[in-house]
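Novice: Here is how the chains run, residue by residue.
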Amino acid sequence: MNTHRAQIILVKIRTENAFSITLPVPIYVFTECLYACEGIMLILDKVLPRLMTIQAYNKVFGKDFGFYRLIETVLLIIEELQDYGKFDLVDVNAGKRKISIKLI
Amino acid sequence: MDEKLKILEMIESGKVTAKEGMELLSAMDNDKKTDTVKNEVSAKLSDGKLGKRYLKIKVDSDSDDFKRVDVNIPLRVARLASKFVNLVPKAAREEMAKEGIDIENLNLDEIIDALEEDLDSMKLVDVKGDKFNVDIYIE
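Just so you know, the sequences run in chain order A and B. If you use this note's numbering, the first sequence corresponds to residues 1 to 104, in order. If you use this note's numbering, the second sequence corresponds to residues 1 to 139, in order.
Calculated from the structure, these hints are not laboratory results. Note that the structure is a prediction, hence the values are computed from the model and not measured. Be aware that a few hints might be false.
[To be verified] With a cut-off of at most 30 Å between alpha-carbon atoms, the simulated DSSO-like pairs for lysine-lysine come out as follows: (1) B/Lys6 <-> B/Lys19; (2) B/Lys83 <-> A/Lys46; (3) A/Lys86 <-> B/Lys83; (4) B/Lys67 <-> B/Lys131; (5) A/Lys86 <-> B/Lys56; (6) A/Lys96 <-> B/Lys56; (7) B/Lys6 <-> B/Lys56; (8) A/Lys96 <-> B/Lys67; (9) B/Lys4 <-> A/Lys98; (10) B/Lys15 <-> A/Lys102; (11) B/Lys67 <-> A/Lys12; (12) B/Lys98 <-> B/Lys56.
[What the hints assert, rightly or not] If we take Cβ atoms under 10 Å as the criterion, some of the chain A residues that face chain B in the derived model are: (13) Pro49; (14) Arg50; (15) Met52; (16) Thr53; (17) Phe65; (18) Glu80; (19) Asp88; (20) Asp91; (21) Val92; (22) Gly95.
Glycine included, every Cβ here is placed at the ideal spot set by N, Cα and C.
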C-alpha cells in the first residue's frame, strides 16, 4: 500500500480586490461524491438520447460521449494523481490574481 | 566466479565444446549487464525519479497582468488523456481535423512510452519571446 498518497486537494484563489479563499477538498469526499453520481450518470446515458433526437445528441455531446465514462475517467485521473503524493498541480500568478491547486 | 569456473571445468571434462562454453560465458555477461540495468532502474524507482515523472509546463512573463503559469502533469495521468478523446465534442474534432490533427488516431500511449524511456529530464519546447518564455519539459 502506498502510504504517501495525497489526501487533500488544496485550492487557493486570490482575486484582484485582495479577496482570498482556501478550499481544502478531501479527496476521499470528492471521489465518494463522484461514485454517488455514477448511478445518475448511467440513467442520463440511457434517458438523454431518448429525450433528444439522435442528431441533436450527437451534435451536442458527440457520438461516443458517455456521462458514465466521463465520471469513470475523472475517478481514474484522481486515483493516479493521488498516487503521485504531494505536489503542486497548477500555480497561476497573474499579477494580483493567483490560483494554485496543490495535492497534500 | 564459481559459475565461470564450472563452465571451464565442463569444457575441460569434455561435457561441452569450447564453442558452447564460450556461448555460455557470453550469456552470463549479458545477464550481468541486464542485472546492472535492473539495479539502476530499481534505484531510480526507490528515489522516485522514474516512477514520479512530470510533464512540466512553465510560462514566465514580464507583463504586470500576467506573471507565471506553472503546471505539473504527472506522466501517468497524461497517459489517461487518450480516454478523453471520445469526450471531445464533434465540432471541436472537425475543427482539429481541418488543421490536420486527427486525435482519434493519435497514439498517445506510444508517445508517452517514448518519453518515459529517457531516464533523464528532457526539454520538449523552449520558446523565448520578448515578454514570454515558454518551457515544456519532462522531469
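Novice: If a hint holds in the structure, say so; if it does not, say that too.
Specialist: Going through the hints against the structure:
no. : hint                 : result
1   : B/Lys6 <-> B/Lys19   : holds (15 Å)
2   : B/Lys83 <-> A/Lys46  : holds (21 Å)
3   : A/Lys86 <-> B/Lys83  : holds (24 Å)
4   : B/Lys67 <-> B/Lys131 : holds (10 Å)
5   : A/Lys86 <-> B/Lys56  : holds (15 Å)
6   : A/Lys96 <-> B/Lys56  : holds (23 Å)
7   : B/Lys6 <-> B/Lys56   : violated (52 Å)
8   : A/Lys96 <-> B/Lys67  : holds (10 Å)
9   : B/Lys4 <-> A/Lys98   : violated (65 Å)
10  : B/Lys15 <-> A/Lys102 : violated (65 Å)
11  : B/Lys67 <-> A/Lys12  : holds (17 Å)
12  : B/Lys98 <-> B/Lys56  : holds (28 Å)
13  : Pro49                : violated (14 Å)
14  : Arg50                : violated (20 Å)
15  : Met52                : violated (14 Å)
16  : Thr53                : violated (15 Å)
17  : Phe65                : holds (6 Å)
18  : Glu80                : holds (5 Å)
19  : Asp88                : holds (6 Å)
20  : Asp91                : holds (4 Å)
21  : Val92                : holds (5 Å)
22  : Gly95                : holds (5 Å)
Hint violations for this structure: numbers 7, 9, 10, 13, 14, 15, 16, all remaining hints satisfied.
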